[in-house]
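Chain residues, written in single-letter form:
2 protein chains.
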Amino acid sequence: VTYSIPFQADCVGNQYFDLAGLLCRDCDSVSQVKSVDGLSCQCRPSYKTTRNFGGPSTTVECEACAAGQVGTVDGWNCIDCETADCLNCNAGDIGEEYSIAGVLQGTKTCTTCDAATLPDSAGIQCERCHESFLAVNNDCTCNTPLVGGLCFGVNEIQAPAQDTFQVSYEALDAPLSSWYYMEYLQAAEAMCRLYQNLTACQMLGNLCVLLHYNPNSLNDACGYFEAIRGASATPLIGDNPDWVVYMPWLKYVADPADEILTEINIPTKFSAEPTSEDSTLKLFVAQYSATGQYRGLGSVRGGVIQLCNDTEKKMNAAYTFATSYSSSCQLKAQDLWNNYETTFFDMYLQYTEGSSTVLYAVPVLLDNYQDDGTFENRQETNTNWQLTRRFFLVDNVSGKTASNTPATVIRYASSIELLVTLQDEAGQTREGKIYPPLLKIQYSELVYENDYDSNTEVTVNFRVTYEMSRDYGENALSTALGILSGVGVVWALVRSNAWRRRAGLIYIDIKTMFKFFFFGLGMLADVFFVCLFGTTLYWLFFFKRQDLVYLVLPHKAQEVSFIWYLSFAFFCKSLDVLHLIVYQCLSDVFLIDWERSRGRVVQSSDPGSNKGSVAPVSIWRTYFVANEWNELQEMRRSSIFFQMSAMLFFLEVIGLKNLTTMDPRSDVYVDPSDYTGDPSRVLRFAVASGIYLLLSLLQWIFFAFIYERFIADSMRNFVDLCSMANISVFVLIDNTFGYYIHGRSVHGFADTDMKEMRDQLKREEDNLCGQRGLLPNSEQQTFEILLPMKFREQYNTILQPLDGVAARIDGTRGRPDAGRNQEAEKSIQAYQTMNRFLAAFLDHGIRDIDYVVKDKLLLEQILDMEFYDPADKGFFFNDGGHAFDNALFHGNESTLQLFELLLFCIVDLMFTNFVLAAIITYIGSAFLLKVRAAGGRANLAKKTLVDERFLI
Amino acid sequence: VTYSIPFQADCVGNQYFDLAGLLCRDCDSVSQVKSVDGLSCQCRPSYKTTRNFGGPSTTVECEACAAGQVGTVDGWNCIDCETADCLNCNAGDIGEEYSIAGVLQGTKTCTTCDAATLPDSAGIQCERCHESFLAVNNDCTCNTPLVGGLCFGVNEIQAPAQDTFQVSYEALDAPLSSWYYMEYLQAAEAMCRLYQNLTACQMLGNLCVLLHYNPNSLNDACGYFEAIRGASATPLIGDNPDWVVYMPWLKYVADPADEILTEINIPTKFSAEPTSEDSTLKLFVAQYSATGQYRGLGSVRGGVIQLCNDTEKKMNAAYTFATSYSSSCQLKAQDLWNNYETTFFDMYLQYTEGSSTVLYAVPVLLDNYQDDGTFENRQETNTNWQLTRRFFLVDNVSGKTASNTPATVIRYASSIELLVTLQDEAGQTREGKIYPPLLKIQYSELVYENDYDSNTEVTVNFRVTYEMSRDYGENALSTALGILSGVGVVWALVRSNAWRRRAGLIYIDIKTMFKFFFFGLGMLADVFFVCLFGTTLYWLFFFKRQDLVYLVLPHKAQEVSFIWYLSFAFFCKSLDVLHLIVYQCLSDVFLIDWERSRGRVVQSSDPGSNKGSVAPVSIWRTYFVANEWNELQEMRRSSIFFQMSAMLFFLEVIGLKNLTTMDPRSDVYVDPSDYTGDPSRVLRFAVASGIYLLLSLLQWIFFAFIYERFIADSMRNFVDLCSMANISVFVLIDNTFGYYIHGRSVHGFADTDMKEMRDQLKREEDNLCGQRGLLPNSEQQTFEILLPMKFREQYNTILQPLDGVAARIDGTRGRPDAGRNQEAEKSIQAYQTMNRFLAAFLDHGIRDIDYVVKDKLLLEQILDMEFYDPADKGFFFNDGGHAFDNALFHGNESTLQLFELLLFCIVDLMFTNFVLAAIITYIGSAFLLKVRAAGGRANLAKKTLVDERFLI
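Those protein sequence lines, which keep their order, are chains A and B.
First residue of the first sequence: 1, per our numbering; consecutive thereafter.
First residue of the second sequence: 953, per our numbering; consecutive thereafter.
Simulated from the structure, these hints should not be mistaken for lab results.
Be aware that one or more of the hints could be misleading.
[As the list claims (entries may be wrong)] Below, computed lysine-lysine pairings styled on DSS-like, alpha-carbon distance capped at 25 angstroms:
hint : chain 1 : residue 1 : chain 2 : residue 2
1    : A       : Lys282    : A       : Lys511
2    : A       : Lys313    : B       : Lys1778
3    : A       : Lys755    : B       : Lys1284
4    : A       : Lys282    : B       : Lys1284
[Stated by the list, open to error] Selected chain B positions facing chain A (in silico; Cβ < 8 angstroms):
hint : residue
5    : Ala972
6    : Thr1064
7    : Tyr1198
8    : Asn1261
9    : Gly1306
10   : Asn1407
11   : Val1410
12   : Val1512
13   : Ile1515
14   : Asn1669
15   : Asp1703
[Stated by the list, open to error] Below, a sample of chain A positions facing chain B; criterion: calculated Cβ distance under 7 angstroms:
hint : residue
16   : Val1
17   : Gly21
18   : Cys24
19   : Asp26
20   : Val30
21   : Gly54
22   : Glu61
23   : Gly102
24   : Val103
25   : Thr111
26   : Thr357
27   : Ile654
The beta carbon of each residue, even a glycine, is placed where N, CA and C say it ideally should be.
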């Protein structure tokens, strides 16, 4: 069995298309021809049908008429002919076949039609001709002008001027003589002017709209329209002088644009609650065909004015209040020529006031409008705008140069934007109320010879945007930024002054200025972030949670200042972090070994007189502690991995990123069939920052209260290690300020074997020995220290011969060098001297340079500065055990996290991609850590004289 | 100026709608009424129009007719009345107003129509009545049955049986008496049977389709249809006995379904190349209205048979060859009732053969088809399926019980699936050729009283799926899996035998079985992964790159075995990794301190006779080395962060995930307006694995050739450290197999001060001392070791008293314990003994237990086993410097990375979310590392007797 049939699209010759078999079949070649629809056969004109039940050709029976007869037009009878072939009746005559009662006449006679009638298309009956003929001549002849198929009196028609039928296109150099205007303009004008024909008036208006409301001629459609509209006697619709009865309302002439656009007559309080009645813009359009026929008044929903086709649900999302909508697509030129009917729209906003429903006219801002060559509607200020009413989407009629040729040029609405502005009253937005919406339209053109055959694709877009006449709290933001920046600068001053004292400087010098600069940058970054976060969080919460809409988001162009502020904050924070790294990597560190030699070593075999050599103190404890300190330098108090992956989890997996679209919807799950709005930068910032801060808080709680208490506190472990190794850590982060970890072993010595170490540990566990603190009977091992300048001078004196030695040793490693040995010697010397000096200082063993241990005042703690002047004595301030964190990344979490947060947001701002932002932030953070680790390692090797090979 | 107008939707009373002002205006109350369209006024019947140019009411002039006159029907004249009011002519009479020539008659006369005519709707002219009347009676009366507006002879109509007008619905308990059938069935049947009326035959067919082709009655539409079709004389279309001329083809009766579905008559070679002619399925449908009118033959493109509306581009994507398409949406019940016209479709596939274009009939599998109560088309095998031809999308006519009520029940096509099967010939797919497609349709029903008012939302879906009759290479995959698994098991046997020797076991015991089990799991995981990756990569490349389509992807149901295989591989790999961790965390480690005491320590003040005490050897070097070894345990040779973020970067940011959709498109960028197919699991696995492996390779190259050479090689550094610290590392990973790092200082001692250390380093740099190797004058410091069982026994003997000591010490730390001191003592004792024992062994100082250093044979290296039996002597095999990595994660990268890869893919398989997969994989990997670190640390503390507090 064959299941295929030939594909026969067009039946040729005398074949009809068999709709059951989808085949072409022959009509009887003698008696039949195919019917007009091509789906059946009918009898030829000289035959009469004797049987036709709508069956195939074979069931249609035809009978040839007798000689001298023809078939009637309906095909059911034969009739004698009066003339030779029954066809050549005179013009205005019919060939009568049946009487009015359906009785077949004996002969088909030529009969003259009544004066008021003309033959119908089949030529068998007379029909009344158009009233305009009768009005002029009282019969169906027209000796006076016949335009557009209508007949007018001698002086009733406007004589065309040179520009009457011309349409200007931007795409053409010279205006085009339009067949469409030639055909219809005069008739429409006359019908409208003389008889107030409703359709003709609409058509005249349309012809003016197609000229882009050209205001500069008296003899074109717009000139004619204005002449009729302006005639003194014409009554108005309501009190609107721009809208006269029976004519379309085309332009706003009575009021200036700025007044029209700030009318506050729309009482609807629009809501963001999806279930509310007033959560959509109820826009209606009255539609008219190009020739003026009324096509009804209906909602714009369902994509009536959207050229981009999409699902109805998505297209209707454009009218959900407070949803910034934007769609864009490509249309094919040939579709624009063939598949769009030119239709005109008058737009209204429907609202209910009390029990009555009202339509409020929506003004149109036609971008292409020209007055004497200037594009008035492209001006920035709206005072000179010419608002209009009627618009179209595609015009493929005005460019025709003949009735049956396609238009030489077509126009299409390449950009449509509905701009909705929220009302404000003395700076206070009136909740949910709006000014009249404004429809901004821009037309583009395509030229047949360039674009039709190549089927050019053009982009059209449709947008709905919302604005507030307020400045989006920008003033408030600026004010907050100003005030807080001032406070920040003052604080930076205080901080830099505190630093000056710590650096031991008496006067404010260039270094202090630098410090002030960097402190200032850090503060400004904080201030900017706080303000931006506050503002955007306000937007997020109040935009997403509003019932009556009183807040709309800034659109892309208005986000510029936000972007600048954020970029500035990021820039400042970057410099701040850079400063932190350099600052920490230049600090002075020294590991004080308290171990003394156990005495002199002698061999059993030595004679008693041999005093032996001094037993060396093993350096390995120092290596161990330095190595651990080096590891602490790379340590963070938060997990950047956790931070980033949790961000991605919440944003991408849970879907919080769906909160950042420019619509008031606050669902985390978005149905793919729903319209998804463009992302809003400010919302993305708010959501990302919010989650980031929450996660930071969570991490802080975890690390501070769980991890460090119950799992592992690296800082505490390090202090323990120091105590066991009998080594103190002395860090000078500024010239005279720093941190001290007292690691002197309570057992006096630590450089011993495993058994001894175990014993020591056990003794401490059993509380059989003294406490580890610096002061007798105290546990306090860690201190902030502020030292007199004299100390620093001494310190520098010891280090002086060493300046650059370690570096040089490093640089020359492996190469035999004359001076190298000597330098190494010097450095060892300096190390020993420094060790002795610091040990003596801590043991109060140095005259003139002494210290006291005390608690910091509360205010000192809060301000992170010292009130006492260490002129003669240094101060050791008891701390909470963690102060020395500040010399490490570990104690500067907030700065680093803020940097990472800003980096995340900046990257997202650039690429609108959270995944990429997370990856780059992680890389950035890891890079910082590596830099800090490398710098810190080099610094540690240099300052503690521990070879870098042991810092692994 | 007021810019609002009242909203007037319906004009009431004698008002017309002013289309210019969108207002209701009054018609003249005396002379006018509103026109039919409501947009203007016209004169009342008793008036004649004297002026009407289509203007507003005021411009329409009416003139009352004189007494006894009425206005003509066309309104332009008044005419005298013959009867009292000119209305009551007899039935079949007209009131004549004008002659056929348009001349107004003097009086409106009642005139009887000719026998073959009836009055028109206005009653002013006679028109010919339907042929069926004339056929029966030769005039326009019908005394015989009048059905559906047509007249038939006495015996020409089928007398209805009980079930003739009944339609059964699944939603209703009892069949429904359908108004639609009552109205149309008899007339359609009679017209089709008697006159072969083409439309009537189509309608009869439609009525049968609406019964779901019910084959069980002779007196319903299907019974009638079959009777006419089966009449002996009816000619066929082509050689198809199911398709008789002039009637629709409804069912496939001639051939069984399995033959129809494996016809190979479609010659088109379909292509996946988008530019090719044959890259789309050219499906056509012939459309018929419910009453049988032909609505044309056209392409299905543009969503003709898709109930889910979407953009045309997306809807047309359904017909792109090899694109698995699926769309689903919700429709509202009221729309189904009101906005869909019941239309019938016959589907064809168009193809070109030579110069002729052919339509190939596409069979329909109607899910709801019942034969005697059994759903034959729901059977698994297709031999008994009843294939049909015609289908509809929505049926809202058959359920009507009266002409003007909505249908009681409606049906809609809730699921439509077009199944395209690729041809195969003796197991070999013929490139690009297909069997006839099959359209599977399932209808659901809605009941008016339940669903209309609540406007129930129903889900409909439309799918296009592709199948191969081949088993998707599953046989090949199974075979490969079988063979390779066999090889894997053999290899596991070899490995476990090698292990047995290393463990010093002579017989195969339960432990060896366990080892074999775990080795086997690991091998199976590798084998499964390799096979799956190979298969899916094959699919990816050949599906995405094919020109002529010879491969389609398995659809969801066919992915089951893939999922099982992958899950099994993951399960095996997980156990393998677990085994690795436990294995490594139980290894024996000992740090041999080569340092000897420097002698006896005496104080300067001591008398010469005081021999002093033995100078202790500091334990800190051991602590340092142990600490570093502990850190090495946490080290990986790849960055999981890099791996995951680069994965996300390529998949999500660059967009490689767009390759994983079930269409042959291979673009990384997907236009949002394009259709995005469902993700394919196998493609996701292939793409993710492919990128993962590439990135792993990249990382390996980076680490092996760049990082470790030029930046930092932790393993090398550790070996250096050992040498400087004068400490050797002795690792026994199995009973008698392990690794040895020779760290004996070339300077003889290392426990010294900074000066000495510097000197030592310098001497080595200047090549002034011996080489570090174990053998004299060699550099070889690292070895694989295989020791005799005697050694192990000795080793165990030393450790025996210690069993559990370290653990107990740990457990009791801080609590005074009677036995504790003693145990600590024991452990120190053991430590010292062990140190001495191992040092002596390495110095060849122990009789009976000795070793030789040699190179491993190439085959030994490749197979990772030893051929020699260390019965009397141990072997130290020179290695490449990195063999001891194998005791760490660092040397087991491939196992770990494969585990991570499988974890990534498994998570993605479950959640279809690469971001989540990356996060979870990172967490999993970090968790493994933590477990390894914690276990390793505890083990290290226990075995080397270094207190855990120093392992930080």
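Each hint tested on the structure:
1. Lys282(A) <-> Lys511(A): Violated, at roughly 66 angstroms.
2. Lys313(A) <-> Lys1778(B): Roughly 82 angstroms separates the two Cα atoms, so the pair is violated.
3. Lys755(A) <-> Lys1284(B): Between lysine 755(A) and lysine 1284(B) the Cα gap is close to 85 angstroms, so the pair fails against 25 angstroms, i.e. violated.
4. Lys282(A) <-> Lys1284(B): Satisfied, since the Cα-Cα distance of roughly 22 angstroms is no more than 25 angstroms.
5. Ala972: holds, 5 angstroms
6. Thr1064: holds, 7 angstroms
7. Tyr1198: holds, 5 angstroms
8. Asn1261: holds, 5 angstroms
9. Gly1306: Because about 12 angstroms separates glycine 1306(B) from the closest Cβ in chain A, which is outside the 8 angstroms limit, the hint is violated.
10. Asn1407: violated, 15 angstroms
11. Val1410: violated, 15 angstroms
12. Val1512: violated, 26 angstroms
13. Ile1515: violated, 21 angstroms
14. Asn1669: holds, 5 angstroms
15. Asp1703: Constraint on aspartate 1703(B) satisfied, holds at 5 angstroms.
16. Val1: holds, 5 angstroms
17. Gly21: For glycine 21(A), the interface hint holds, since the closest Cβ of chain B sits about 5 angstroms away, which is under 7 angstroms.
18. Cys24: Violated, because the Cβ-Cβ distance from cysteine 24(A) to chain B comes to roughly 12 angstroms (cut-off 7 angstroms).
19. Asp26: violated, 13 angstroms
20. Val30: violated, 21 angstroms
21. Gly54: holds, 4 angstroms
22. Glu61: With a closest approach of 11 angstroms, the glutamate 61(A) hint is violated.
23. Gly102: The hint holds - glycine 102(A) has a Cβ within 7 angstroms of chain B, the shortest such distance being about 3 angstroms.
24. Val103: Status holds, d = 5 angstroms.
25. Thr111: Interface hint status for threonine 111(A): holds (5 angstroms vs cutoff 7 angstroms).
26. Thr357: holds, 4 angstroms
27. Ile654: violated, 10 angstroms
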